[in-house]
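*Asks:* Protein chains in written order, with the numbering used here: chain A, 1 to 267; chain B, 1 to 283; chain C, 1 to 289.
Source of the hints: derived by calculation from the structure; they are not laboratory data.
We put the CB at the ideal spot given by N, CA and C, even for glycine.
Take the hints with a grain of salt, since some may be wrong.
Said to hold, decoys possible - DEER-style ranges, computed between Cβ atoms: (1) B:Asn19 - A:Glu155: 30 to 36 Å; (2) C:Ala188 - A:Phe188: 55 to 61 Å; (3) A:Phe188 - C:Glu118: 30 to 36 Å.
Unchecked claim - Computed list of lysine-lysine pairs in PhoX-like fashion (alpha-carbon distance at most 20 Å, straight line): (4) C:Lys120 - C:Lys103; (5) C:Lys79 - A:Lys179; (6) C:Lys149 - A:Lys179; (7) C:Lys281 - B:Lys259.
Unchecked claim - Far from chain A, by Cβ distances over 10 Å, these chain C residues were calculated: (8) Glu24; (9) Leu28; (10) Gln95; (11) Arg184; (12) Asn275.
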Amino acid sequence: MLRDITLGQYYPVDSVLHRLDPRTKFIGTLLFVASLFLFHTFPGYGVATLFLVSMIFLSRVPVSFMFKGLRAIFVILLITVAFNIFLTPGRVLWQMGAVKITYEGLIQAGRMAVRLIYLVVGSSIMTLTTTPNQLTDGLEDLMRPLKVVRVPVHEIAMMMSIALRFIPILMEETDKIMKAQIARGADFETGNIFQRAKGLVPLLVPLFISAFRRADDLAMAMEARCYHGGEGRTQMKPLRYKGRDMAAYCIVIMYLAVSVVFRVRGI
Amino acid sequence: MGIIRARKLGYEYHRYDENGQEEGATRAIDDIDLDVRAGQFVAVLGHNGSGKSTLAKHINALLIPTEGTLWVDGMDTSAEGELWRIRQRAGMVFQNPDNQIIGTVVEEDVGFGPENMGVPTEDIWKRVEESLQAVGMAAYRSHSPNKLSGGQKQRVAIAGVMAMRPQCIVLDEPTAMLDPNGRREVLRAVRELNRRENVTVILITHYMEEVVSADRVYVMDQGRIVMEGTPRELFTRVEDLKSYGLDVPQVTLLAHGLKKAGLVIPEGILTREELVDALCRSS
Amino acid sequence: MSIELKNVSYLYSPGTAYEMRALEDINLVIPEHQFIGLIGHTGSGKSTLIQLFNGLLKPTGGQVFYNGEDIWGGDVSRKDLRSQVGLVFQYPEYQLFEVDVFKDVCFGPRNQGLDQEEAKRRARAALEHVGVPEELFGRSPFELSGGQKKRVAIAGVLAMDPRILILDEPTAGLDPRGRDEILRQIRALHETRGITIVLVSHSMEDIARYVQRIVVLDRGHIAFDDDPRRVFSHYRELEQMGLAAPQITYVMHDLRDRGVPVDVDVLTVEEARDNILAVLKGKGAGHAT
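If we strip away everything but chain A, and leave its shape as in the complex, we get:
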């Protein structure tokens, strides 16, 4: 059932955010992240919160999905907060031997936690409302200027989308190979690190051989369908900005302007 896992956690519903151009969402996310570092006061974070909550609401994705991404960074979050609480110099609120908590430390920790959490939730909104394919297309288009400096933009995008297609297949295959070897008495779970690394050989060899074989087959299938790089290629789904994208850009830029004003005014 590993095939059911969609990479990039796309959540299929129809919403305004889902219908936006991936480039709009990508740039919007970047600007939102920038605003998180511009804001540094509580009223500022209030504005960011308002913006984020409206986006969550507009995306029509259940809130629980938004916070799933946080689990992955939980440890980092904890360490960051701890560092800030205990290591920021300033007005001491509580002390026990060398360990002390300062007022500034608490503020700083709170600020870092908010930034990290909003950053993760903000980018989750993008990945939850954009299929990996759209994201690849969007990135390809945004990176287009890099072609001038000979960055193989089309090839990178093509590789990314092929990887997206094959990761679930290879995951399922990993599962099957493991089972086939466990049926022969292989052990992937016990032993020290060296024994475990050695134990992976019966898994990795068949997996790599299969991956190479697939790559070979796929290359041939692509050639048979006249693939010869990005030259002279047209697109079935070319990206075109629509009215709603312009509106979205306006909103995001206004939001960013607010954060700049807050920063300049020191609010």
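Since the structure of chain A is already known, use the hints to place chains B and C on it.
*Replies:* Quick look at chains B and C alone, frame taken from chain A:
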């Protein structure tokens, strides 16, 4: 003039040992003459390693003959400049359904060929729609290929080739990895395309029951064409077919066994209805 | 040495949006020395079922017993169980990994903790049993043909000396010659070593020819569990499950429907031929007198 024509076609590849020294040469196909007329349904039968896949790859110019010549719609496949035109004229479907689907969404995969050919966007959508309709997969256009059955994936692959508007489609063991239902599904789609869209079909397989409705059948063994004719002509030669390692359908085997035992039944029984009719007449 | 499934059910991803019922309330006994065919449409639960036999999957409901002991009951070593209940997956590519054929077959016995000598002895015997010639022992398993790979894969499990051998579509992708050879060798294993065989296959013709008992799975349930003749007599129901009886069954039924009194229970081409000849000649003789 035929759409696919081969004269004295041969392909030899060299094997090298670890030091790059030549160990020897293997002749995968040898002295093949082939004439396929536009609109025909041609089948190539042969056991694993008989050279049938090598032949298939020549038609799409994935392999270039080392001897003889192959023409696709009058174009010599060894001529460098014609490569993309040849691949557009003669599309190819491969055995493993997973390893030939490039797109992460069905419709995007079908559009891949036309995109490569530089077809304008609106036209791509039209072609994708028509091709998906033709193989009966239009309802799945926005699905992920990973969630389709084997037979459905192969139909998507066929649609991907059809969207390039080829004159001829070569299917290299498209059913070998499918279950019986998937096999039926794919064959039905292929027969429909041949009949309705008048696409020339070259079906490579080792299942004899798949070639019953072909116009012409070639049997390959050790890189050569060893038998040739209509299905009915070939199906009378049960002993020969068996000696080439082919899977003779039970109905044909039974008809053959009964005939050998002295029963009077017509030559070249292809289907169970024919056999039952014949037996009822003789009883 | 029997496997017994009691009220077994299996759910994939229980409690999530992707929850899917693969098996429901399966009761099944696999006794010693039987040759069993397991058939079912893709998605009927066959692959799930065979993975329950050797404890690769844990049932979400019900119990699996091996020799009367619940395999998930606590003090049963599933590693030992897996050497008693051998499972060969469909694609040999999923298990071949060693530098040569012989080493690859030794992998199983070595995992059982056998010493070098015993492992080698077992590997040699297993390879001989499935008809892999000695000159291939030193070859890389990746250079072999499809049929040879399949044999080496079977030998790799056989070398663990299982009492029950489960084979998932051992003939898929093979040509007729390779297929008949493998099936004959599997039958020989059953006969000479007395191993219980569970053969998963899509080919009714193969199943009809070799097995003593057929278990038909349909959407997670056991639809039929009987001897082949009786199972194939339900050919119309089989069709509704996306399966089919051997072609021969259809011919015989058609003949019977058209008034030719043939035996509809025959399973092979040879039996059918003899039966038709006998019936037609009998009739002919009747006319003569």
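*Asks:* State for each hint whether it applies.
*Replies:* A quick look at each hint next to the structure:
{"no.": "1", "hint": "B:Asn19 - A:Glu155: 30 to 36 Å", "in the structure": "holds, 34 Å"}
{"no.": "2", "hint": "C:Ala188 - A:Phe188: 55 to 61 Å", "in the structure": "violated, 34 Å"}
{"no.": "3", "hint": "A:Phe188 - C:Glu118: 30 to 36 Å", "in the structure": "violated, 24 Å"}
{"no.": "4", "hint": "C:Lys120 - C:Lys103", "in the structure": "holds, 9 Å"}
{"no.": "5", "hint": "C:Lys79 - A:Lys179", "in the structure": "holds, 12 Å"}
{"no.": "6", "hint": "C:Lys149 - A:Lys179", "in the structure": "holds, 18 Å"}
{"no.": "7", "hint": "C:Lys281 - B:Lys259", "in the structure": "holds, 13 Å"}
{"no.": "8", "hint": "Glu24", "in the structure": "holds, 17 Å"}
{"no.": "9", "hint": "Leu28", "in the structure": "holds, 19 Å"}
{"no.": "10", "hint": "Gln95", "in the structure": "violated, 4 Å"}
{"no.": "11", "hint": "Arg184", "in the structure": "holds, 24 Å"}
{"no.": "12", "hint": "Asn275", "in the structure": "holds, 42 Å"}
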